[in-house]
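Line by line, the protein sequences are chains A, B and C. Under the numbering used here, read the first sequence as residues 39 to 198, first letter to last. Under the numbering used here, read the second sequence as residues 144 to 740, first letter to last. Under the numbering used here, read the third sequence as residues 33 to 621, first letter to last.
Simulated from the structure, these hints should not be mistaken for laboratory data. Treat the hints with care, since some could be wrong.
[Said to hold, decoys possible] Examples of chain C residues lying across from chain B (beta carbon under 7 Å, computed):
#1 G82
#2 R85
#3 L97
#4 A212
Backbone N, C-alpha and C fix where the C-beta goes; we use that ideal spot for every residue, glycine too.
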Amino acid sequence: MAEIKLPENKLNQLKEICKSFDNKAGELINVLHKAQELFGYLPAEVQEVVAAELNTPVAHVFGVVSFYSFFTMTPRGRFPISICLGTACYVRGAEKVSDEFKRLLNLKLGETSADGKFSLTGLRCVGACGLAPVVLVGAKVYGRIAPENVKDIIKEYEEL
Amino acid sequence: MAKFNMHLLVCGGTGCRASQSEAIVESLNKRLAENGLENETKVVTTGCFGFCEKGPIVNVLPDNTFYVSVKPEDASDIVAEHVIKGRKVERLLFSDPETEESVSDSRHMGFYKKQIRIALRNCGFIDPENIEEYIARDGYLALANCLTEMTPQQVIEMMKKSGLRGRGGGGFPTGLKWELTAKVPSDVKYVICNADEGDPGAFMDRSVLEGDPHSVIEAMAINGYCIGSNHGLVYIRAEYPLAIQRLKTALDQAREYGLLGKNIFGSNFDFDIELRYGAGAFVCGEETALIHSMEGMRGEPTFKPPFPSECGYLGKPSNVNNVETYANVPVIINKGPEWFASIGTETSKGTKVFALAGKINNVGLIEVPMGTTLREVIFEIGGGIKDGKEFKAVQTGGPSGGCLTARHLDTPIDYDNLIEAGSMMGSGGMIVMDEDDCMVSIAQYYLEFTVEESCGKCSPCRIGNKRLYEILQKITKGEGTMDDLEKLKNLSQVIKDTSLCGLGQTSPNPILSTLDNFWDEYVEHVTEKKCRAGVCKSMMRYIIEPEPCVGCTACARACPVNAISGERKQAHTINQEICIKCGACMEKCKFNAIFIK
Amino acid sequence: MEQIKVTIDKKTLEVPKGTTILAAAKTIGIDIPTLCYFSLGDMKIENKPGGCRICVVEVEGRRNLAPACATECTPNMMVKTNSMRVLNARRTVLELILSDHPFDCLICAKSGNCELQDMAHRFGVREIPYHGEQSKYRVDTSPSIIRDVDKCIMCRRCEMMCNTVQTVGTLSAINRGFEAVVATAFEMNLEKSSCTYCGQCVAVCPTGALTEVDHTRQVISALADPKKTVIVQTAPAVRAALGEEFGLEAGSLVTGKMVAALRELGFDYIFDTDFAADLTIMEEGTELLSRLNKHLAGDKEVKLPILTSCCPAWVNFFEHNFPELKDIPSTARSPQQMFGAIAKTFYAEKLGISRENMVVVSIMPCLAKKYECQRDEFKTDGNPDVDFAISTRELANFIKQANIDFNALPDEDFDNPLGVSSGAAVIFGTTGGVIEAAVRTAYEIQTGKSLEKVDFDELRGMEGIREATIDVDGFPMRIGIAHGLGNARKLLEDVRDGKSQFHAIEIMACPGGCIGGGGQPLHHGDSSILMARQKAIYCEDAGKTIRKSHENPYIKELYEKFLGKPMSEKAHHLLHTHYFDKRTKITIE
């Protein structure tokens, strides 16, 4: 018998989210979006609760979570760094920028640093192609980034 | 109500916001208030102007002065000079790269001259968060006419006559699609808008939703009337927060004005729209996958038939069109199908929006009549290749498309010509490449994308694309053989021939078109282990020529891995074991002493 | 039905509208290869994701090749199933699938019975031109089932069985693209999931991705141990299917040869689970009558309907999904466990050996039985009542390993006393059988009259959910029957919501009942095999001299000498059980 634990207030909020979508399994993706907003990520416990509330198998919930790249089961860093890997950025050198971030932070794409400060992800086209290559730290956009700028961007957040 | 005699339109699209356009609005308002002009001059945040390369953009009306690359600190000059004294701020005007003269009216700029804006008609002209501005430009007139003057069949006939084809990729005739859905009897039907733009390098749908959300709402309501549906759904990328917010605002306003809801225009027609969020899956651009995603499932496509027009969302007949397609609809109704059909080519009517990017001077969003040539787009609108380099290829159609070359430059762009040339329209991404781009690497880039985005349901796409990617990797690492090129060909053909959905059926296109157009480059990689563009790192070595090297140490300081050694004022050397081939040293060297071998 | 003219490989034929190319081709002897497609037509079970793309054919006028399994014929369609283009595409797709498949055919549990291997053989694949990364997942071993996800080819058959047919929902496609496979949530072990071990996923898996845990080695060790007395019991459905593994026609009854083979293998006593099935009827039938009579007397405490409890996957299912109904099923243990309990008490005493020196092996059509015999409540001081449950397939392999020419064996009889059974016990092997057996006994005990006709045709058949009213001397007894857990769920939800009223319900987890169990010889989607097995079961029943459980003389003797009467304290202790709430608990931190 499996047993899972969640803090009470979060558990209640999560149940509220499910209820706000009438506990319908068809609303699973909307529920997961809200749940990820609440928890920052979608750990197994959260998926178990969502499954129970929507009366759908947890394997189905996980099948959905693991299908969509927007959903993550690992907490993102305090300063999530997203490198645009869209074509426009790619041809203007996004890969070199990405390599430099990977090297300096010693992270692969999709990973979060041990201290929880930085996470590194690639994303596809933010639509700021005029500023290519583009890097986002949280919601802040850095445009026309060259590998040598990477150091400075990281530095901005290191002391925070 | 204040009557404004001057408007300052500031681009509030995602690209310009990333360059502080919100701060520009704030500064402008502050300066105007300081000068007591807040009731005479109005600052309007609009959608994308398209000329992203020169963003942020501020357009002054009524005199149509187009300021480019504006910074928040320029606000004081714009107010002090232009607004108060009526003098244009010269330094903020666009300078024509050829004549080096300032151009103040956008209509005279190369970038805009050849454009005809239908889908983007309101982007950059109205405040997308103000329904009255949309209404003032004939907004909801088409809906009113449809509901009060026309039968659904008449509207469908107009759509058919216009020749509009789906702008999302496939190019299926829109009127026919509507008719098919209208013909299936059902108590419940759905109008679906595909706003899950996933093509890496295309952002027209987002720009329409950010700049003119009502055009989509209006068109969906018209579609609802035609097919007999009261329920619309917009499937929108969760990564588009601004578009979501503007769409929500627009929906609220439309409801408030009675343009959505019960008994619209007293016609007994009810219609409303709700939002569904995508969660990051390119394959959801395929309509059956999109529908499954909206139903809370994995976005896996299913075999067609049955088509969504028969069995769509929740098993009910559904009409699926993308944002740009819908955005064309109200104009077609207002101006007539004949007008629309007069633009474009024999088989492709109207205009197409392209996201022009890559190694081109004028990056941005453009809308041109079908039939415009690639040369016009790249060299006239796009302003040619950046840094005076040589044009090498243009990739259209995103990951499903192909790379076209100089010999295709005079091809008039339409659905059929692009397919003929080995590419496709796709959603309208257009990436320009120059001599520094390695075509094998470009193919590899697209395959990496496809491998990541394949849903995994069918074996050729799931495994085949992975194998294609691995073979390309082998080639770019300098380990490829001629046999690998044969494998690429056969595998690509089979994947196209056997895959379940459009993703797999087109994913080998970047390989096939580059094999076709750049065969020699593949062969060089394989037989000579040479990458002429100098992109494939495994095949290159950075070398410092002792002669020109003056020992300035700039390269050593730029090297991120300390691979360069040498005494001051002595020729330096690069340790090939350590070198990661990032090229930073070469960029820093002022003496052209570093070259790639 | 509208008829459509189509031409396949230059042969023109007419088929009803809605016929797929695959089905149409079959009618004219064209066998288009398939991999993901799976159908148990008569049972309305179909898997048609159109995912493997092995069955692609060329349809004139279409740009791409079409999957024959999912494409319906249209008027005047021209189809080519063996053009160069088709053959090359098919081979390439197969090579791709093989390029992401482990090359351990020699030691794979599925070797010789693997549809992918057959396909490679059929295509004469001699090398795999495409190489690259292969999927790497952890092997998960549970009490019943082994998942080796690296061998998953994403045919989705197991997912369909687990979700659509069984509504268990343990398996789902996970991840995306190259990483996509069918697995459990969070790739957790089956043991931690809501898996019922029904084994239907194993029964349909075309490769070695899902197989049973093999206990044959442990059985061989026990047989080789001179200190151990090894007793074997065989479930009713085994005798109707075992022959298939030796090339006999489906539906061949091989009871006598099976007994002979077990004796050859060295088991000390060859007994029959059917004996325990008769015992089950005594206990369960008595419980049914007791509850029913109390109910008729107006006792509001007593709950009806009574649900059968001999199917261990079904027990797992309601413990996970309907724990609130856990006091409705009969408390009677399954025949396997009743047999073990009697063997290790009554019979061990009779032989004068300790339970530790007795090894009880059961031959089962079922994989959930492996789990059932490991449940703690069926152990005494850690020693299980049944030591090992091996499947029909495992037994067949064991017989082959032991150089026994099965088909040449003479027919032999079970040993006494635990080998004697009635016809009522035999029909436990098919859907409807348990309840028919119970009715035969309950009727006679309740009314004191002798049944004129022991066959209850109204309880037989293959419909997923069946209902019947039996006239028990004027009292209309409402019976419900469901096989397949999805059908069970529907029936149970109706009962819970008060939509249907039954006095007794029989539930079997597997489609068809035990004859279609997860441990049976693989039917590869041929539902006529299940029909033939069912027929064989009823045939064996009809041929028995004793047809009713309560008339089994050794059962009578067991009660007289050992148990007292049905539902006595001793019977309760040895033959009954209790159930658990296994739903995932969500608690506050």
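Right, here's what the structure says about each hint:
1. G82: This hint holds: C:G82 lies near chain B, its Cβ roughly 4 Å from the closest one there, short of 7 Å.
2. R85: Holds - the Cβ of C:R85 comes within 7 Å of chain B, reaching about 4 Å at its closest.
3. L97: For C:L97, the interface hint holds, since the closest Cβ of chain B sits about 5 Å away, which is under 7 Å.
4. A212: Interface hint status for C:A212: holds (3 Å vs cutoff 7 Å).
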